[in-house]
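Throw the hints in and build the complete structure from the sequences for me.
6 protein chains.
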Amino acid sequence: MADETLPPETWQWLAQASTATVTTQLFKRGLRRMHMVGVRPVSRRRRLMGEALTLRYIPAREDLDVVEVFQNPEHPQRRAIELARPGQVLVIDARGDTRAASAGHILATRLCQRGAAGLVTDGALRDMPAIAEMNFAVYAAAASPAMNLTVHHAVDIGVPIGCGGVPVFPGDVVLGDEEAVVVIPRHLAPEVARDAAEQERLEAFILAKVEGGAPLPGTYPPDAQTLEEYRAWVVARERRPGAPGPA
Amino acid sequence: MADETLPPETWQWLAQASTATVTTQLFKRGLRRMHMVGVRPVSRRRRLMGEALTLRYIPAREDLDVVEVFQNPEHPQRRAIELARPGQVLVIDARGDTRAASAGHILATRLCQRGAAGLVTDGALRDMPAIAEMNFAVYAAAASPAMNLTVHHAVDIGVPIGCGGVPVFPGDVVLGDEEAVVVIPRHLAPEVARDAAEQERLEAFILAKVEGGAPLPGTYPPDAQTLEEYRAWVVARERRPGAPGPA
Amino acid sequence: MADETLPPETWQWLAQASTATVTTQLFKRGLRRMHMVGVRPVSRRRRLMGEALTLRYIPAREDLDVVEVFQNPEHPQRRAIELARPGQVLVIDARGDTRAASAGHILATRLCQRGAAGLVTDGALRDMPAIAEMNFAVYAAAASPAMNLTVHHAVDIGVPIGCGGVPVFPGDVVLGDEEAVVVIPRHLAPEVARDAAEQERLEAFILAKVEGGAPLPGTYPPDAQTLEEYRAWVVARERRPGAPGPA
Amino acid sequence: MADETLPPETWQWLAQASTATVTTQLFKRGLRRMHMVGVRPVSRRRRLMGEALTLRYIPAREDLDVVEVFQNPEHPQRRAIELARPGQVLVIDARGDTRAASAGHILATRLCQRGAAGLVTDGALRDMPAIAEMNFAVYAAAASPAMNLTVHHAVDIGVPIGCGGVPVFPGDVVLGDEEAVVVIPRHLAPEVARDAAEQERLEAFILAKVEGGAPLPGTYPPDAQTLEEYRAWVVARERRPGAPGPA
Amino acid sequence: MADETLPPETWQWLAQASTATVTTQLFKRGLRRMHMVGVRPVSRRRRLMGEALTLRYIPAREDLDVVEVFQNPEHPQRRAIELARPGQVLVIDARGDTRAASAGHILATRLCQRGAAGLVTDGALRDMPAIAEMNFAVYAAAASPAMNLTVHHAVDIGVPIGCGGVPVFPGDVVLGDEEAVVVIPRHLAPEVARDAAEQERLEAFILAKVEGGAPLPGTYPPDAQTLEEYRAWVVARERRPGAPGPA
Amino acid sequence: MADETLPPETWQWLAQASTATVTTQLFKRGLRRMHMVGVRPVSRRRRLMGEALTLRYIPAREDLDVVEVFQNPEHPQRRAIELARPGQVLVIDARGDTRAASAGHILATRLCQRGAAGLVTDGALRDMPAIAEMNFAVYAAAASPAMNLTVHHAVDIGVPIGCGGVPVFPGDVVLGDEEAVVVIPRHLAPEVARDAAEQERLEAFILAKVEGGAPLPGTYPPDAQTLEEYRAWVVARERRPGAPGPA
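Protein chains in written order, with our numbering: chain A, 13 to 259; chain W, 13 to 259; chain L, 13 to 259; chain S, 13 to 259; chain Z, 13 to 259; chain G, 13 to 259.
Honestly, the hints are just simulated from the structure, not real lab data.
Here the structure is a predicted model, which is why all the values come from computation and not from measurement.
Since no wrong hints were added, every one of them can be taken at face value.
Identical copies look the same in the list; a pair holds intra-copy or inter-copy alike.
Simulated pairs of lysine to any residue, SDA-like, Cα-Cα distance not exceeding 20 Å: (1) K221 / E145; (2) K40 / R213; (3) K221 / E94; (4) K40 / R111; (5) K221 / Q125; (6) K221 / F148; (7) K40 / E203; (8) K40 / D207; (9) K221 / V246.
Shown next as structure tokens:
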């Protein structure tokens with residue numbers, strides 16, 4: 013669903029943007045709650061970018077959620093992982109329940125092997141010491157050694173879910189960094205990405221001025237004169253190859 | 013789905029059982045978490061019994077969840093109510109989020125008009141003063157004057173959900189009283205109902221003895237002699253018309 | 013500050029509106045969080061309407077907050093009460109801390125004697141059994157027998173505060189009913205009041221139709237035909253003296 | 013342990029004091045946290061006074077906490093009830109865990125039969141509709157239909173415990189009203205009781221003045237003149253038979 | 013109590029097992045809640061294994077919990093540390109209250125000097141910067157600079173307690189790693205240890221296959237063919253000296 | 013306000029004291045709650061010492077808190093930063109609300125440029141990856157990518173506030189380390205600093221003894237003999253240049 017529809021520059025721009033900047037762009041469009049609350053990076057790789065593949069859990073029932081269910085290859089948790097395609101992020105709605113794991117090291121490894129872009133849950137993960145060492149972008153709310161069956165029953169793949177207080181529709185763009193995970197509604201991704209890259213460039217300029225001793229008034233936010241300086245700086249900078257920003 | 017499959021005596025027996033007693037019967041079958049946490053009766057009618065019709069919410073998104081959506085008669089919240097059949101309980105998965113209402117007085121009134129058995133949400137309701145006066149079994153976690161669009165986006169009808177920490181599958185039996193709401197997996201309902209009615213009868217006998225000064229040892233739980241007395245009491249009692257218990 | 017500026021019909025209209033209806037009117041104007049969370053009616057009188065007089069607490073410090081401070085008539089808690097004018101609602105920012113009381117029965121009695129419209133705190137109150145019997149509109153988050161000095165230090169009167177998660181500016185309109193307390197920014201009060209009264213009238217009409225068996229589609233929200241019926245009903249109704257709604 | 017040691021007037025004075033007043037007296041003696049947090053009256057009788065008999069729970073373990081344990085009359089939960097003597101209050105340390113009941117209707121009935129003064133738990137109770145009707149002072153944090161075995165394992169009787177955040181030593185005086193439960197260390201009970209009764213009498217006088225229109229300065233707290241009036245009022249009042257206060 | 017009763021291979025096997033694996037083995041035996049919630053490793057040494065020595069706290073009382081109490085060498089907190097024997101883990105029930113420390117650097121140092129295996133509390137610790145550098149296994153829920161007397165009163169040594177939501181009996185086996193602390197009932201330790209070591213070996217094999225590109229079906233859980241491969245791998249591996257697993 | 017009033021040795025002594033030690037000194041003076049709860053170091057520099065400059069937030073209102081407000085150089089958030097003087101710590105009362113940032117990297121950079129000693133908030137910060145790298149003492153309760161306008165409205169500078177549950181008056185001494193932030197009332201700072209430095213020296217001596225195998229009784233707390241040894245050690249140590257402690 014992803015690469016054919018979203019233009020490549022969307023991804024290039026997003027690759028330059030922090031979740032803070034994207035959150036500001038969403039705020040400007042009236043979306044105030046697209047950043048997950050309580051979901052943090054837990055692996056060595058702390059930059060996540062991809063399209064949402066969703067998995068939904070409900071509370072476990074002791075007679076249904078027994079160890080034997082995993083013998084069934086169609087069990088939704090296992091099936092979701094085998095369905096994941098390159099560039100997708102598996103996003104799990106665990107209802108914020110961290111008393112047991114949403115998944116563990118072997119499943120994260122398989123997801124990584126399939127080329128997925130990452131794993132996000134608002135629940136816990138187990139085998140955290142091993143996951144912490146993975147070069148795969150993994151985000152979770154906590155660590156718990158308990159099997160997912162202890163409190164979770166996997167039911168659905170590919171439906172709209174909530175995760176960390178955010179609505180996630182299949183195909184939405186998921187961006188993560190050291191600070192947070194933010195979800196960009198798919199239809200807004202191109203314009204948000206473009207404006208976020210521009211904002212990053214402007215803020216890099218402002219930061220340099222502040223580091224040089226400039227006071228906030230006139231600088232942040234920039235007044236007409238600062239913006240003029242900025243535009244000159246951009247022109248000069250774009251002459252260098254590989255310069256960031258929405259060229 | 014309901015009346016044709018569950019035998020009538022299941023309902024007769026359940027009508028005599030408290031949620032505490034049913035919870036004990038579920039515990040004896042290994043199910044320890046079938047009672048909703050934080051969901052309380054809020055209307056004048058405080059006895060609920062029916063089959064689950066489920067409705068699922070995810071977090072709202074400000075661009076999708078605008079007042080105009082209700083112009084669409086297929087909006088899942090409105091559609092669920094118009095689908096409800098006599099004897100069904102509308103159970104809403106509001107993710108325990110009580111910052112806005114799951115529904116209000118007009119919708120509860122329509123649901124009641126359609127012959128539904130009740131309304132349960134692990135979120136809030138609005139227009140609580142009016143709902144409190146209804147002769148319709150309504151359970152919720154809180155009151156909130158805010159429209160559901162403020163934090164909720166309705167997505168699905170008739171799928172397995174979580175509500176108050178309990179898994180709810182469409183068609184499960186939902187029982188509520190002054191104390192709690194408990195969910196009985198449909199296939200267990202007949203046997204749980206029968207044993208619950210029997211337990212109620214036995215505990216009525218035990219309570220009478222304790223009120224008469226009997227000590228706990230030998231009485232609660234009953235020893236062989238107390239059980240013998242109980243059986244005699246049951247025989248005597250059943251000669252009277254209208255006596256409760258699983259005849 | 014109140015009666016001379018806000019037109020009398022604003023108060024007449026508000027007197028007909030529930031907090032749920034006012035919250036909807038605020039939502040339509042982009043204000044989604046003006047209802048206090050966790051603050052409930054605790055006295056016999058459960059209808060509150062007035063203008064905010066604010067009082068701010070910070071955490072107590074054991075060396076400053078000793079019983080002797082009340083010897084000083086300028087202590088902000090006592091001073092605020094003696095400053096209250098008829099029609100004002102004393103709104104206390106207790107940081108949501110319910111481990112000790114914000115005030116008690118004697119202070120609530122004095123506030124009532126001064127003609128104030130009510131008392132609201134996002135903390136606790138003490139002497140709740142007595143306050144519950146008062147014919148004075150009192151709202152709080154909990155009961156606590158502990159003196160306010162145990163956790164609170166009163167600092168400011170008449171400054172903008174937060175209460176129950178809502179910003180409250182001095183002079184804002186405070187409305188409470190059985191369900192909630194909602195704050196209306198002063199400059200919006202006239203239009204919100206007018207539209208709320210109109211919404212109440214329309215919803216009374218819709219409710220009557222639903223109680224009569226009308227399905228939701230076409231009725232709630234009303235389509236063109238239902239609106240026409242409504243207008244006819246309004247005309248007929250207004251011929252009666254004392255009919256509510258924004259005449 | 014109780015009646016022989018504590019002088020009868022201690023109980024007479026306490027019978028006139030609210031938990032708010034006793035909490036103030038404890039505050040004056042440097043004890044700021046002797047009122048239970050989150051524990052509320054749940055039965056018809058809402059005045060509790062007695063000496064603590066303690067019962068301690070730890071988390072349940074599924075292999076130990078099975079229905080069969082109650083066959084053993086020495087099970088600590090059952091044993092504690094059969095040990096209770098007239099005037100004692102059974103105080104249960106349930107670690108604030110309300111996911112299952114600490115006890116239910118039959119046990120509360122037996123406790124009442126044994127002449128106990130009341131039942132307090134910082135956990136939940138089951139069979140709340142029946143307990144609500146009892147003429148026995150019962151306090152709890154919540155209702156839960158689940159058996160105590162679901163989350164609790166009873167271990168100890170008669171040891172110091174925590175309940176509602178308060179340290180409770182066997183023999184401490186437990187006082188409850190509509191507002192709260194407060195624990196008075198046994199050795200402080202006589203003086204706290206005396207001063208609380210006096211404070212109640214003074215505040216009754218002050219309240220009457222405030223109801224009559226007196227301003228706070230000079231009245232609350234009372235200045236020299238108000239105190240003189242008060243003393244005259246006390247003298248006049250004591251001439252009447254049955255007048256309260258520490259005679 | 014420890015070394016003479018538990019066979020040495022139990023400890024050897026446990027030394028190879030993660031808390032996640034042990035939690036799965038306990039789940040298979042019906043024990044779903046033996047892992048502490050909210051308790052995390054805080055020192056450099058993050059592998060804990062030993063037998064529980066328990067210490068119980070209740071809430072502090074300001075008149076009892078004054079600095080002078082530590083002059084008494086029999087104060088339970090200090091006494092527990094001087095009682096600790098090599099191989100024991102001091103497990104403190106701090107009721108999950110992290111507002112003050114359960115212990116600090118000097119006490120942890122003394123415990124380490126006595127040869128104890130570690131320190132676990134569901135409360136906080138103070139002097140965390142120094143504790144973080146210790147080569148001693150320490151687990152806690154938080155850091156707090158406040159003395160334990162601020163909120164804790166130590167009462168009992170060697171009694172059953174709750175810690176992190178888990179029942180802990182003296183002599184139970186306590187296992188900790190980077191992820192969690194799990195408690196193994198003493199009588200189950202030998203069989204849980206054996207099966208956990210075997211599970212670790214099998215999962216190492218499965219992980220290697222998944223890292224090599226194997227899909228989940230047939231591999232995790234393993235089907236008959238994968239199990240046959242595994243057995244061959246075990247045979248080949250056991251020919252090497254020092255190979256892990258329950259030989 | 014600072015350097016002219018507080019004697020230089022106060023700062024020298026505080027520079028040697030941990031927050032744990034200062035908290036003990038405050039406890040000895042009856043102040044039990046001067047350490048912030050939930051506020052943690054987030055930058056590379058983890059030693060904070062300075063005088064409080066306070067900034068107060070209340071909940072945001074969507075019509076007031078729009079991006080354009082920052083065009084006004086008098087916006088309190090921006091103004092507070094431009095007012096900060098060398099040695100001051102900007103302490104923000106964010107009501108513990110971490111759903112949005114209190115500030116971000118550019119503002120922290122400007123504050124650092126102005127010579128401020130640090131930044132403390134009981135809310136969140138954004139741009140955490142960049143702030144984590146700053147050589148500026150920054151403390152916060154969480155990371156959030158959302159702009160402060162999303163939930164905060166800045167109102168006041170230089171008034172008493174609450175932060176992390178602690179009362180903070182302008183000019184109070186703020187001390188932070190790896191463990192916590194503690195606030196010392198300004199008038200107590202000299203004596204608390206002196207006694208804290210002395211306590212640090214004594215505990216260094218005790219720790220060395222415990223590391224050498226000394227038992228707790230007689231050592232911690234020290235008895236007469238240990239204190240004598242300590243005094244000899246102090247004398248010997250003070251002959252060395254640069255020795256810490258309140259010379």
